[in-house]
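Spelled out from the first residue to the last, the chains are:
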Amino acid sequence: MWKKLSHLLKKDFRLMLSSKFVILALASLVLYSCYINFVYVNLDQEIYPVYLYDPQAKQTALSDYMTRVDTRDALESACADRYSVGIDLASDQPEFYMLASGIDTMDHYRTIWAKAVLNGNIKGQAEMIGTNSRSMKNRREITAEFLFFELSAVGFLGLASMLFKEKQMGVIRVHGILPVNKAVFILSKLLVFLLSDLVFTVFLTALNLGLRHGIAVLPAVLIQAGILSLIMALTGFFFAIRLPDFKQFSLLYLVIAIFVTTPVFLAGQTGVSWDWIVYHPMYHLFAALKAAYFSVSTVKTSYYVTCLGMVILLFLIAHQTLTREMSREG
Amino acid sequence: MKRLKYQLKNIRRDKMCVLTFLLPIIVGIAVSLLSGVSLQTMSETSFGILKNDLSSETAAWLKSNGCVTEYETIADLHQAVNNPSTQMIGVLRAGRGIRSFRSGDELEVNRVIADTLPWLYESRGEEHMYKNTVVPVSSGNDGLKSLLIVITLVTAMFMGCTFNAMNIITEKEDGVTFINRILPMTARSYLIQKILLGFIGGILSTILTALICMKLTLSQVVPLILIIILSAFISALAGLYIGHFSEGLMIGIVYIKIIMILFLAPPIFFYLMVPGHSVLFQFSYLLPSSAAFYGLMNMANGSAIVPGKDIVILAAHCIVWLLLYLFLFRRQKE
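Chains A and B are the protein sequences, given in the same order. Going by this note's numbering, the first sequence opens with residue 1, and the numbers climb by one from there. Going by this note's numbering, the second sequence opens with residue 1001, and the numbers climb by one from there.
No lab work stands behind these hints: they were computed from the structure. Just so we're clear, the structure is a prediction, and the values are computed from it rather than from any experiment. Each residue gets a CB set at the ideal place from its N, CA and C atoms; glycine is no exception. Just to be clear, a hint being listed does not mean it is correct.
[Claimed, not checked] Stretch-level coverage of chain B by chain A, calculated; a stretch enters the list once three of its residues show a Cβ under 8 Å from a Cβ in chain A: (1) 1058–1068; (2) 1102–1109.
[To be verified] With a straight-line cut-off of 25 Å between C-alpha atoms, the simulated SDA-like cross-links for lysine to any residue are: (3) B/K1131 - A/I112; (4) A/K165 - B/D1174; (5) B/K1257 - A/V199.
[As the list claims (entries may be wrong)] Some but not every residue of chain A turned toward chain B, in silico, with C-beta under 8 Å: (6) R14; (7) A25; (8) N37; (9) V41; (10) D81; (11) Y97; (12) Y109; (13) K115.
Build out the structure end to end from the sequences listed, making use of the hints.
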């Protein structure tokens, strides 16, 4: 059996290399890493800028947060972004000018912030209780997201494209008469994709978190990536066997990419609270992956038990489907 | 016309194609159902407090400045502040005043708010001494929602491309292309039929999505339709290019994916990150989807200005890409 497995592995590995999906994975690795290192790390949002129109020069001390403008028009156009605040000292009574942001509390805060800046009483240092800096947080967060997307959507497509190619070549029909165990057939495919996903994970993590931080989180990340990869590969296997052609499969892929991953992203990234999200199975996989990147151990044993059960169940379903497909192909 | 009927018949059998057109509409419905409130809380400053810690007056002051969440224990509060998906600032009582703490990974705006909050609280009594002008703005702050809607719309326009490419590649694989060669059909009528197919589908799907998601004024209808028509034409053309250059369905899908990323990612990136007057931003107009995206974005944000520039650029793209296609096609035939 081991000899057969190694032969099958060799064949699957060659098939994977010959398809264009290796190039696609490499290209996405480069694209993601460039985006993370050059763009996402630098994402920030500054504090509400304060513009001061002061024709009689009443204000002598100018805070760092304040910018002088020369006319009332300039003040109004500077505030047109609905984010900045203007202070007009032209008349006796100082006037705070701003465009409504649409959120009342934010407008209120902008007013008291502008007042504090005008009076110059801004100091203080809040206590810090976390361990991450902003850029490190950004790195961990976005790497987790890209990895999740890559594993759940792209890995799924990779396995399917390979299977369809084999289907076209008639491999399944041939396997029906060969004395090769069907479990081994599935296993070899799973192993190849698990391996390639893990390699991708290692590279993506090391490139974007840096070696030191990367190595620290990798053991936990690899476990979660492995679980996700197995589940997605088995699901992909099932659909690829079941659906008659690649075209229908790619539609399913589109649905998965949009409906399965987008809510998970929104809930995971923005803290939008949707109660129903706990019923979304992918959400738990994403949460576990993200927790691994932040070295937080919130994952419970029941999660692993469920995942293991899921993998076994999917394996059995895939096995069953393959058997049926083989008997149908004759 | 009769030929077009055959083409349409051909599609009707293809469930994939029909669903491709329905997909953006479904997404559009989902986006417009997304409650505006849950998206809005994202840009609101959020404070975390401990139960029975702050006086009711202090809590009311905090509530006037942001969204306040109460936690049972200090450990829960610490965990919430440290949670990387939130920007929460922790606030505790300190004598007569307050003290704040943060996680250290916040955006600059929340860092400054957290640092200076106790001081702002100290000087809270003097608010009435000033005149305060808050100019109301007609459209609500649903920036993220309109971004989602526009992304859906651009994707919908792009469906014409996917559809054409798939259609042509399948024909190639089935050998219809060879049959076409001996049929008395000119390359020109083939081209027109194929463009028309993707074009009509793309337009229908986008207009339906736009009707569901966007609140339009009458003066916006004409520019919107122009933008939709032009972009649908370009994406149908892009589909022809893909169909032309790819041999099999799988390679075609890889190409479609790459072009889809190229069509969607740069406009979003430029729109969010690069100031509108910079040279880099002007460069982004080299991609046809950018013009469509910016035009739609302005409309979704409720701007009354007619996006004439975007429409002209789109039209120029249409002409250039069509001429290029005709040139390539003719050369290949010879």
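**Prompt:** With 8 Å as the cut and Cβ atoms as the points, is A/N37 at the interface with chain B?
**Reply:** violated (15 Å)
**Restraint outcome when A/K115 is required to lie within 8 Å of chain B by C-beta distance** = With Cβ-Cβ at 7 Å, under 8 Å, it holds.
**Asked** Taking 8 Å as the limit, does the beta-carbon of A/Y109 come near enough to a beta-carbon in chain B?
**Response** Since the shortest Cβ distance to chain B is 4 Å, the answer is holds.
**Message:** Three residues or more, CB to CB closer than 8 Å: is that satisfied between the region 1058–1068 of chain B and chain A?
**Reply:** holds (count 5)
**Prompt:** Regarding the hint that A/V41 lies at the interface with chain B, is the smallest CB-CB distance below 8 Å?
**Reply:** Since the shortest Cβ distance to chain B is 12 Å, the answer is violated.
**Message:** So, as I understand it, the hint says A/R14 touches chain B; can you test that by seeing if any CB pair is closer than 8 Å?
**Reply:** violated (17 Å)
**Message:** Run the distance test for A/K165 versus B/D1174: straight-line Cα separation, threshold 25 Å.
**Reply:** holds (16 Å)
**Message:** For B/K1257 and A/V199, compute the direct alpha-carbon distance and say whether it is at most 25 Å.
**Reply:** Holds, at about 23 Å.
**Asked** Are the Cα positions of B/K1131 and A/I112 separated by 25 Å at most?
**Response** It holds: about 12 Å lies between the C-alpha atoms, which stays within 25 Å.
**Request:** Against chain B, run the beta carbon of A/D81 and see if the smallest gap drops under 8 Å.
**Result:** Nearest chain B Cβ about 11 Å off; hint violated.
**Prompt:** Measuring from the C-beta of A/Y97 to each C-beta in chain B, is the shortest one below 8 Å?
**Reply:** Hint holds; A/Y97 Cβ to chain B Cβ min 5 Å, cut 8 Å.
**Request:** Verify the interface restraint on A/A25: the C-beta must sit less than 8 Å from at least one C-beta of chain B.
**Result:** Cβ of A/A25 sits 11 Å from chain B, so the hint is violated.
When the structure is compared with the earlier hints, violations turn up for hints 6, 7, 8, 9 and 10 and for no others.
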